[in-house]
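Number 93 in full-length UniProt numbering belongs to position 93 of the sequence shown; there are no gaps in the numbering.
There could be a bad hint or two in this list.
No more than 27 angstroms apart at the CA atoms, straight line, and that leaves these computed lysine-lysine pairs for BS3-like [to be verified]:
| # | residue 1 | residue 2 |
| --- | --- | --- |
| 1 | K84 | K55 |
| 2 | K55 | K76 |
| 3 | K60 | K32 |
| 4 | K76 | K24 |
| 5 | K55 | K32 |
| 6 | K55 | K24 |
| 7 | K76 | K60 |
| 8 | K84 | K60 |
Calculated directly from the structure, the hints in this document are not laboratory data.
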Amino acid sequence: QDNLNASDEKPVQRSKSFSFQTQKETCAACEKTVYPMERLVANNLIFHTTCFCCKHCNTKLSLGTYAALQGEFYCKPHFQQLFKSKGNYDEGFGRKQHKELWASKDGESMAKTP
1 QDNLNASDEK
11 PVQRSKSFSF
21 QTQKETCAAC
31 EKTVYPMERL
41 VANNLIFHTT
51 CFCCKHCNTK
61 LSLGTYAALQ
71 GEFYCKPHFQ
81 QLFKSKGNYD
91 EGFGRKQHKE
101 LWASKDGESM
111 AKTP
């Protein structure tokens with residue numbers, strides 16, 4: 001049995017399920033590859049756990065400590081503070097008030113009517 005010819009030896013077969021053909025995932029913040037051990041998903045976006053930070057103070061966030069608004073992430077204290085500072089989500093977070101968009105649309109529609 002010790003005298004096997006090379007032709008008698010079978011090549012090692014690897015299980016097909018063992019080959020990883022997964023797509024590389026990239027972090028929504030830094031756009032670098034995210035590996036499974038450092039992966040965090042929030043609002044259907046993938047992050048490194050270290051890149052998932054508050055936009056206002058840069059504090060590291062977790063799934064239990066964040067609030068999201070229009071694709072931006074905040075720690076809960078700053079989310080509340082920014083809302084309270086102006087009393088609405090638009091001005092508090094540095095955007096034009098949504099009612100201004102309505103006013104401009106109303107002005108356009110009134111101008112079109114004879």
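Going through the hints against the structure:
no., hint, in the structure
1, K84 x K55, "17 angstroms, holds"
2, K55 x K76, "11 angstroms, holds"
3, K60 x K32, "18 angstroms, holds"
4, K76 x K24, "31 angstroms, violated"
5, K55 x K32, "19 angstroms, holds"
6, K55 x K24, "26 angstroms, holds"
7, K76 x K60, "12 angstroms, holds"
8, K84 x K60, "22 angstroms, holds"
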